[in-house]
Amino acid sequence: MSVDLALPFGHALVARQDLPIPAWLFAWAASIVLIVSFFALSAAWRRPIFEEQHWRPLGGAGFSRAVTGAPLQALSGAIGVLLLGFAIWAGLHGTEAPDRNFALTFLFVTCWLGFPFLAAIFGDVFRPFNPWRAVGRAAGAALGAAGVRRPRKLAYPGRLGRWPAAIGLLAVVWLEVVYGASGGIAVGLDPHSCAVAACVYSAYTLAMMALFGVEEWCATGEIFSVYFGMFSQLGFLGVRDGRFGRRRPLAAAGSWAAIPGSAAVVIASIASTSFDGAQEGAFKGAIERVFGWLGDVGFGPTASLRLADTIFMALCFAGVALVYELGVRGMRTIPGAPSLARLRTAFAHTLIPIALAYLIAHYFSLFVFQEQAQFTYLLSDPLGTGRTDLFGTAEVGIDFSVLSSQTIWYVQVAALVCGHVLGLTLAHDRALSIWPEPRRATRSQYWMLAVMVAFTCFGLYLLSAGKG
Amino acid sequence: MTGTLSATLVPLAHIGHWLWVFYVLPVIIVIAGIFWSTRAANRREREEEEEEKGRR
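Which chain is which? The protein sequence lines are A and B, in order. Counted the way the numbering used here counts, the first sequence spans residues -6 to 461. Counted the way the numbering used here counts, the second sequence spans residues 35 to 90.
What the hints contain is simulated information worked out from the structure, not anything from laboratory work.
Covered stretches of chain B, going by a simulated chain A footprint (3 or more residues, C-beta under 8 angstroms):
#1 51 to 60
#2 68 to 78
Restraint ranges, calculated between C-beta atoms of paired labels, are given here:
#3 Pro331(A) to Glu84(B): 21 to 31 angstroms
#4 Arg335(A) to Glu83(B): 20 to 30 angstroms
#5 Gly62(A) to Trp70(B): 56 to 66 angstroms
#6 Ile68(B) to Ala134(A): 55 to 65 angstroms
#7 Ala37(A) to Ile68(B): 13 to 23 angstroms
#8 Leu333(A) to Glu85(B): 26 to 36 angstroms
#9 Trp70(B) to Pro294(A): 49 to 59 angstroms
#10 Leu53(B) to Ser332(A): 35 to 45 angstroms
#11 Arg49(A) to Thr72(B): 40 to 50 angstroms
So these bits of chain A aren't anywhere near chain B, every CB distance computed over 10 angstroms:
#12 Ala54
#13 Ala196
#14 Glu209
Here the structure is a predicted model, which is why all the values come from computation and not from measurement. Glycine included, C-beta positions come from ideal geometry on N, C-alpha and C.
Hey, can you work out the whole structure from these sequences and the hints?
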């Protein structure tokens, strides 16, 4: 059974000495795939098709009412509240061993990784289960039923857009991978701190919902709604005007970035995953040097490690933002280009498949392994005390042989290549709507090709430099 | 012999530190390609403009 999976996370970075060719050759092969895809798109894709979602209702009006109606929303919301409450209870009262407590795996693996994977296929699955939305809506309904006059909501500042969610996203990952550093050693977040953080976040979110309104806050500031909602733009199912329907996959992403701060959300997603991958691999030596330097300056071991990690996490964000900015500035040089601000917004959605690809590449094996734990011993003994066995699976362990290191590597490479080809496709499609002349549209996308190749090679470098 | 061998092995042992170069090269090649093709496209556009002016 897993003993050293000090969550979070000894993620999917495994030794790959058994590969038939050097790992860097995969980066070259992936780059060639991207270049060939780019020219294929230029030759065969002559008009934009993702500007229109082609949304069609699914099933009859009765089916739509059943899916989006109040009873199912209330039931799924209640399940969400119950599960969050259970995770907090397990975190507060269970063992401090991260891999034996239900809370960490449930919150940081099952939810944090599971919802993006599901959303990318099926649309916004998190929305009905969002516990804070459920509580906010229930509180609003209860106040209305009791005849209490609700105070007027504040108008949400439009310029703030999704920036609170972007900063919150970085804060969640910081809590997950940086705060856990203690005594100079990265030991991972402990379940008690995780539960306390969940309580604090719940209070903050409910307060913001009371101030600005439940749906307004979910659309802009609630970290998990925005983060999972971002991936749901790739999915083929969605709700429009209260009706459940299907749409062209990827097409909804085009309008997602119109709200300010959206680009920051997707950049934060890529950067935080990159940092988590690089922390124990590519950046390890550099972090250790900064850690030593901070120690010499007078910081304690814990503060030094947290500060060094924070600096590198911020650098990751700046680096990813810089690469995107270079791509945007490159596009700006093409005659007929709109303003920089418009270009930044217009192409931000092309990074969503890359964020998903990074997520799959870095956490796919962790997800497969930890979900075995989630549905066996963590379910039977959620507190990890060794005294309960609710479903008779408390002694079942993780079968690490379900995935070989080669399988993991090939899934990682495939995820990165597919994600970047999808990003390139979205970018090409958007370029055609900005530059109606295909030759100019293609020229503008040389720069996005460079961005995609850079992210692919960087992603593969992080994976190949990962710890064994 | 030992001296020659160690002189060869020491630099090779450090090659791992430079593996990142192999990951950067495709990006550099693509960027170089962009500059080259952008210059070629600009030159072509200039020539087309001049040709048009000449015709007028």
